[in-house]
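**Student:** Sequence:
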Amino acid sequence: MEWLMIVFLVLIFAIATAFLLAIDAVSAVLARLVVSVAGRVRRGRSSVL
Numbered sequence: 001m002e003w004l005m006i007v008f009l010v011l012i013f014a015i016a017t018a019f020l021l022a023i024d025a026v027s028a029v030l031a032r033l034v035v036s037v038a039g040r041v042r043r044g045r046s047s048v049l
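Under full-length UniProt numbering, the first residue of the sequence shown carries the number 1, and numbering increases by one thereafter.
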């Protein structure tokens, strides 16, 4: 029974780590996308003005 609990805890830890890494990757991609879109919008506005 004890080893089952250890396996369960390790599984939870692995899933949590993978989840955090996925969130980190997604947030980095989103930040890059927002920066590129903002740069494009700023360039477009400056050319119009």
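Simulated from the structure, these hints should not be mistaken for lab results. Glycine included, each C-beta is placed from N, C-alpha and C at the ideal position. Each hint should be verified, as a subset may be incorrect.
Derived Cβ-Cβ restraints for the label pairs, each shown as a range [to be verified]:
1) 4 - 28: 32 to 40 Å
2) 11 - 40: 30 to 38 Å
3) 31 - 6: 47 to 55 Å
4) 45 - 7: 36 to 44 Å
5) 38 - 8: 40 to 48 Å
6) 36 - 4: 35 to 43 Å
**Student:** Each of the hints needs a verdict: does it hold here or not?
**Tutor:** Evaluation of the provided hints:
The hinted window of 32 to 40 Å between residue 4 and residue 28 holds, with their beta carbons roughly 37 Å apart. For residue 11 and residue 40, the hinted distance range of 30 to 38 Å is not satisfied, since their beta carbons lie about 43 Å from each other. Between residue 31 and residue 6 the Cβ separation comes to about 37 Å, which falls outside the hinted range of 47 to 55 Å. For residue 45 and residue 7, the Cβ-Cβ distance of about 57 Å falls outside the hinted range of 36 to 44 Å, so the restraint is violated.
With their beta carbons about 44 Å apart, residue 38 and residue 8 fall inside the hinted range of 40 to 48 Å. Checking the proposed 35 to 43 Å range against residue 36 and residue 4 shows it is violated: the Cβ atoms sit about 48 Å from each other.
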